[in-house]
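Peer 1: Chains W, E, H and L, in that order, give the protein sequences.
Going by this note's numbering, the first residue of the first sequence is number 8, and it counts up by one from there.
Going by this note's numbering, the first residue of the second sequence is number 8, and it counts up by one from there.
Going by this note's numbering, the first residue of the third sequence is number 8, and it counts up by one from there.
Going by this note's numbering, the first residue of the fourth sequence is number 8, and it counts up by one from there.
FYI, nobody ran anything at the bench for these hints, they're computed from the structure.
Among the clues, some could well be false.
In this list, chains with the same sequence are indistinguishable; a pair is considered to hold if it fits within one copy or across any two.
Unchecked claim - Derived BS3-like pairs: lysine-lysine, alpha-carbon spacing no greater than 27 Å straight-line:
{"#": "1", "residue 1": "Lys139", "residue 2": "Lys91"}
{"#": "2", "residue 1": "Lys186", "residue 2": "Lys166"}
{"#": "3", "residue 1": "Lys64", "residue 2": "Lys139"}
{"#": "4", "residue 1": "Lys17", "residue 2": "Lys151"}
{"#": "5", "residue 1": "Lys186", "residue 2": "Lys286"}
{"#": "6", "residue 1": "Lys9", "residue 2": "Lys186"}
{"#": "7", "residue 1": "Lys88", "residue 2": "Lys13"}
{"#": "8", "residue 1": "Lys17", "residue 2": "Lys91"}
Here is how the chains run, residue by residue.
4 protein chains.
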Amino acid sequence: MKNYQKIITKIYNDLKNIDDTGKIANYIPELANVDDTNFGIHITTIDRNFFGIGDSKKKFSIQSISKILTLTLAYQLEGEKLWKRVDVEPSGNPFNSLLQLESDLGIPRNPFINAGAIVVCDVLISHLKNPKEDFLNFCRILSKNPDLNYSEKVAQSEKSSGYRNIALCNFIKSFGNIKNDIDVVLDFYFYTCALEMTCKEVSEIFLFLADDNFTNQEGNRVLTMSQAKRINAILLTCGFYDESGEFAFRVGLPGKSGVGGGIVAIHPDEFCITVWSPKLNKKGNSYKGMLFLEQFTTETESSIF
Amino acid sequence: MKNYQKIITKIYNDLKNIDDTGKIANYIPELANVDDTNFGIHITTIDRNFFGIGDSKKKFSIQSISKILTLTLAYQLEGEKLWKRVDVEPSGNPFNSLLQLESDLGIPRNPFINAGAIVVCDVLISHLKNPKEDFLNFCRILSKNPDLNYSEKVAQSEKSSGYRNIALCNFIKSFGNIKNDIDVVLDFYFYTCALEMTCKEVSEIFLFLADDNFTNQEGNRVLTMSQAKRINAILLTCGFYDESGEFAFRVGLPGKSGVGGGIVAIHPDEFCITVWSPKLNKKGNSYKGMLFLEQFTTETESSIF
Amino acid sequence: MKNYQKIITKIYNDLKNIDDTGKIANYIPELANVDDTNFGIHITTIDRNFFGIGDSKKKFSIQSISKILTLTLAYQLEGEKLWKRVDVEPSGNPFNSLLQLESDLGIPRNPFINAGAIVVCDVLISHLKNPKEDFLNFCRILSKNPDLNYSEKVAQSEKSSGYRNIALCNFIKSFGNIKNDIDVVLDFYFYTCALEMTCKEVSEIFLFLADDNFTNQEGNRVLTMSQAKRINAILLTCGFYDESGEFAFRVGLPGKSGVGGGIVAIHPDEFCITVWSPKLNKKGNSYKGMLFLEQFTTETESSIF
Amino acid sequence: MKNYQKIITKIYNDLKNIDDTGKIANYIPELANVDDTNFGIHITTIDRNFFGIGDSKKKFSIQSISKILTLTLAYQLEGEKLWKRVDVEPSGNPFNSLLQLESDLGIPRNPFINAGAIVVCDVLISHLKNPKEDFLNFCRILSKNPDLNYSEKVAQSEKSSGYRNIALCNFIKSFGNIKNDIDVVLDFYFYTCALEMTCKEVSEIFLFLADDNFTNQEGNRVLTMSQAKRINAILLTCGFYDESGEFAFRVGLPGKSGVGGGIVAIHPDEFCITVWSPKLNKKGNSYKGMLFLEQFTTETESSIF
């Protein structure tokens, strides 16, 4: 087995003090308060070996990384019908763009841009009695971790400045692809974005995408193997907005970023790795996180290609 | 080892007589003359086992599948500088769209849409003394197959109706991203699209993307391992125009289609598979070819995810 | 002087029973309840001669025609600074499109598409103590007509189905070009759309755009002559959404339509004419209204060109 | 009658030495050689009074102003069928944009953007035996001026750098809306752009758009009155690309600009005015020309609104 601890330590040290040209996300006031020197990495392998370094056990706002979790639960509950509500194509546009919805008649290009994740939240609300509690519970059972929680502060902060997301939700509703009340959908969406986890926790909760035999705390599969693979496929083509191609090209793993500065990447049958560094490049993805993962897959030759 | 012959035979028989709702490409007159009942499959594994069925040894026009070959040679000659001329992002638009070039200032989104492949041809012309001969020679040495050739008829047919491609080339030149004469660039581009191969030949020529130890007829590597992986990554995110996400989702392999009805797909470290069936779905990809590969990767569990 | 009564009577009779291929607006429930056989015309000349026929004294929902009134008051209060908040260019897109706002960074193309009128309402709210009352009062004094009023039913109906407008308003706010609370802005906007007038009342209230010497009930000019001419110019280039060119081409007068089926047109120094017929063509403009005005300006040779 | 000579002299002197922030067109090499301090104005009234100042009798390249002339002849030859080939709507986009053609399936938005003028040239070629000679002859007879001619140098210069126009023409042909050979169409189009006239000659040749009783050298009407008015309408909504609304707003007359720095404006029943100053604003319209016309219509109160 590869000496992951040695490899991540080396890259961590290489990158810790480089000139980080990224900028911390400031459109959500609460995120702008985070110390931007945080830098943590954690790997969990499918045989449950753990390797961490830096701020890997500090909580951070996982933001859009939670879009994988809402998608997973919606896919479980709705099955293949889900894809009538949201497509699986890369958008070629920024994460919060409204452009394509107009010609696509309210069907978002994929579940990992804001428009798509809002539709996924709408699907969940139609299924769940208490969406916020039920979804949190799903996450806790999935990760065998009762400590997971939303940050109330971040959730409120998202709400107070979420004009673009309110616009998206109303726009989609004008096409009939939001079934529930806008306020309810957005409130739920903002909470899902406000989930907080450590690098360690993130790399544990997404093990179900790496390990074909994964079962949750209750001993159940979360998705069929085929469904899990399909989520990996969408992650690869759509996980980094209009930088998805670049991530596939440089890193070569399915993955997802959040504006909190976290990135999770999955090597099927091998491991799940999480990097957290708050400063973002121009496309909204962690500057140092992208660099770390590129060096990591190069040194470990762990691309899926 | 899996019994590929049995599996492809079964799926071939399942699909041979289904109602094919696709339409043969008719915008290139010469392609419209092809018998649309052709249906062939060929697999070549990295340890050089071969499995074929149907019309797997008939020549067909590989069309856009040749974009992988021009890219490969340009990458070999130009190295990473190549990516200043063409990006690696999915476009979210049809194969011959001019839309994004206007805001992207003449840098095509990726080398697998027409705009990108035309820029790649321009790069090759700047490097090669006799572009058409030299490129054909590269293909023959790559596949250890002296029989490969262009179809003169198809090349002429492309020229006579290639207004959209002429528009693309001039549009890009207006931004300065074509360095050579338009007529020379387009003539070369039309010839590369007019390469003819059998399913067997296609699955042999792309072995270098599946086999890390591949060498050509002269005993040389074609690309570094990292470069080969990167081409696979671009194939996965961009190989099927605005249906790339769907192909990744359903099939889960890097691949490329052509309007001649061919599709090639690569399973790194395993095999290269080619399907040919001329009738195309609305996105311009072989209707039966897509179905075949979906069933094939499902039955063999050979997705990279 | 031309015999307007004879001319409008003739055209009215010609068109009354033609096959009207238009469709009544149904996206605002309350509008769908209107009798679609209504057909009225009224002309007021600048020397205060009146000519009417058909349902010219029935109230109808003037809808987007009110955008001229909100613009006029905002222009009066804000002066030329107004044009920093909204441009004066035709959009080349449908009335409720969000597309251009993304590249134009939240500055609507003109005040006669929904996006622009919403920004104008925001400007008014910043100036007025009681926006709804003050604006209504402005309209009454402008037209010397104390009977003007909003339809509460229509205003409520707009609200209940105004997702696209809510999206527009939030989208613009995300760029910082809405200063007040979204709810307040939209409530005011929906009320302005719900103004009810007869053809006669409409052709009276817009006399200030035809008559250089116009004064309101209090004896005041509403705008300078130059400002009034500028509003006419914007009406000509932008009054009919993506059919503005067609209206200028066929009718040749500045004008504005509403989805209630009304159209007002102004001949500077001559008259103001209003036509009402509820069924709309595909671009959202009154089918019969367009036909009427084309025949009218042809027979009277009253184009401004 | 107004003292036009005094008024234009005053404004000419006011503007002659202002800081001109415009830039001379440099994408056509030959145009970049023009002395950018040229500044001329000429008015011709419908009763044939003449007023000129500055460089009003120097020849300049009228460029896109010639689009009115090609349209006029095509309208004369083709009648209302012409509008099946080209629309009359403002585009909301730059003069050489390809964007809308894709969704509009090859029908240009209007005859005053390059795409539309190229289609108009194609229509003319289908009607004329010797397009270049016949069109030049039409212009000479229209203006009673045998001296009009093309600049061979400019025509060649356009050709050598006209990639964007070649792209447009091929793109439109791919939709079937160009009927003749691309080379023939573009050669003719480039020549029409290369017409040279003085301010005086321009304001004479367009008198037919101001004077309802105009006849050419052979005593014939050029268009019906209704057709001439329609051309004025299209000029008002589309004559200045994506600055058309601004020109209508500031100047209030139908008009057309060219990248040679000329602008012609028409006051129906009054006069035709031409201004020439080579430095262009960001939208491609003469910086000083726009200023001159704004001041001129303000001082003479000659807006059509």
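Peer 1: It remains to establish, for every hint, whether it holds in the given structure.
Peer 2: Cross-check of the supplied hints:
1. Taking CA atoms no more than 27 Å apart as the test, Lys139 paired with Lys91 passes inside one copy only; the shortest distance there is 24 Å, against 43 Å between copies.
2. When the C-alpha separation of Lys186 and Lys166 is checked against a cutoff of 27 Å, the pair qualifies both within a copy, at 20 Å, and between copies, at 17 Å.
3. For a Cα distance limit of 27 Å, the shortest separation of Lys64 from Lys139 inside one copy, 25 Å, qualifies, whereas the shortest one across copies, 55 Å, does not.
4. In this assembly of identical chains, the alpha carbons of Lys17 and Lys151 never lie at most 27 Å apart, being 31 Å within a copy and 43 Å across copies at closest.
5. Proximity of Lys186 to Lys286 under the C-alpha cut-off of 27 Å is found in neither arrangement, the shortest distances being 36 Å within a copy and 30 Å between copies.
6. Within a single copy, Lys9 and Lys186 get their C-alpha atoms no closer than 49 Å, and across copies no closer than 46 Å, so neither meets the 27 Å cut-off.
7. In the homo-oligomer, the alpha carbons of Lys88 and Lys13 never lie at most 27 Å apart, since the shortest distance is 45 Å inside one protomer and 32 Å across protomers.
8. In the homo-oligomer, the alpha carbons of Lys17 and Lys91 never lie at most 27 Å apart, since the shortest distance is 46 Å inside one protomer and 30 Å across protomers.
The structure does not agree with the numbered hints 4, 5, 6, 7 and 8 stated previously, though it agrees with the rest.
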